[in-house]
Amino acid sequence: MNELEHMVGKAQQAARGGFGGLSTGEKLAAALILNRPDWLEEMNYTIAEAIDRIGPEWLSLLPAAARTVAESTEVISKVAQGAKSEEVLARYTSEDKIDVGSELVTYGETPGYRDVSLTFDIWRLGAMTKHRICLRLSPTDGETVSQHILEVHRHAWKRGTPLDMKPGEIRPAWIA
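Going by our numbering, 174 is the number at position 174 of the sequence shown; the sequence numbering is gapless.
In short, the hints are calculated from the structure, not lab data.
One or more of the hints may lead you astray.
[Claimed, not checked] Dumping the calculated SDA-like pairs for lysine to any residue here, alpha-carbon to alpha-carbon at most 25 Å:
| # | residue 1 | residue 2 |
| --- | --- | --- |
| 1 | K97 | V145 |
| 2 | K130 | T140 |
| 3 | K166 | K97 |
| 4 | K158 | E169 |
| 5 | K158 | T144 |
| 6 | K166 | R124 |
| 7 | K158 | S146 |
| 8 | K97 | E143 |
From just these sequences and the hints, can you work out the full model?
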């Protein structure tokens, strides 16, 4: 194990609440790597004193150690989030239909491609808790969905005004 791996391991141990077994230098390095001035204060060290105490070799490794810890923390978080999403989805069979309300949060695309991503806040009808999802539509589905939405709006405006029209709302120009 090299010094960088050693520092990363000790910082991860400290992040999990395990200061036990760490030397003073390892504790100081962990506090600097994890950007925890409160830990330095608890140990009665200033940032300058901590830097002086860990020495030039470990000081030169701090940026790389901090990046490594941050990247591994992000990966672990994404894996946990993905597992949680899979667990929620696994509760429903392919025959189950989940009725939800939604609000469009944002949308995006990759230039040159026809795929569309739509981010929604969704909630079970009658529930208060919102969940954020990102829905990616293939080119074929995007065309089908947009055509259906256009037809629904045209039909609603065909008789004059839609039943769910808000005061002051006018017929959109895109409904020809």
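Hints, verified against the model:
1. Pair hint K97 plus V145 holds up; C-alpha atoms about 18 Å apart against a cutoff of 25 Å.
2. Restraint check for K130 and T140: the C-alpha separation of about 29 Å exceeds 25 Å, so the hint is violated.
3. This hinted pair does not check out: K166 and K97 have alpha carbons roughly 29 Å apart, beyond 25 Å.
4. For the given pair, K158 sits about 15 Å from E169 by alpha-carbon distance, which is consistent with the 25 Å threshold.
5. Our distance criterion of 25 Å between C-alpha atoms is met by K158 and T144, whose separation comes to about 21 Å.
6. For the given pair, K166 sits about 24 Å from R124 by alpha-carbon distance, which is consistent with the 25 Å threshold.
7. Straight-line distance between C-alpha atoms of K158 and S146 comes to about 18 Å, which keeps the hinted pair within the 25 Å bound.
8. Distance hint between K97 and E143 is fulfilled; the C-alpha atoms sit about 23 Å from each other, no more than 25 Å.
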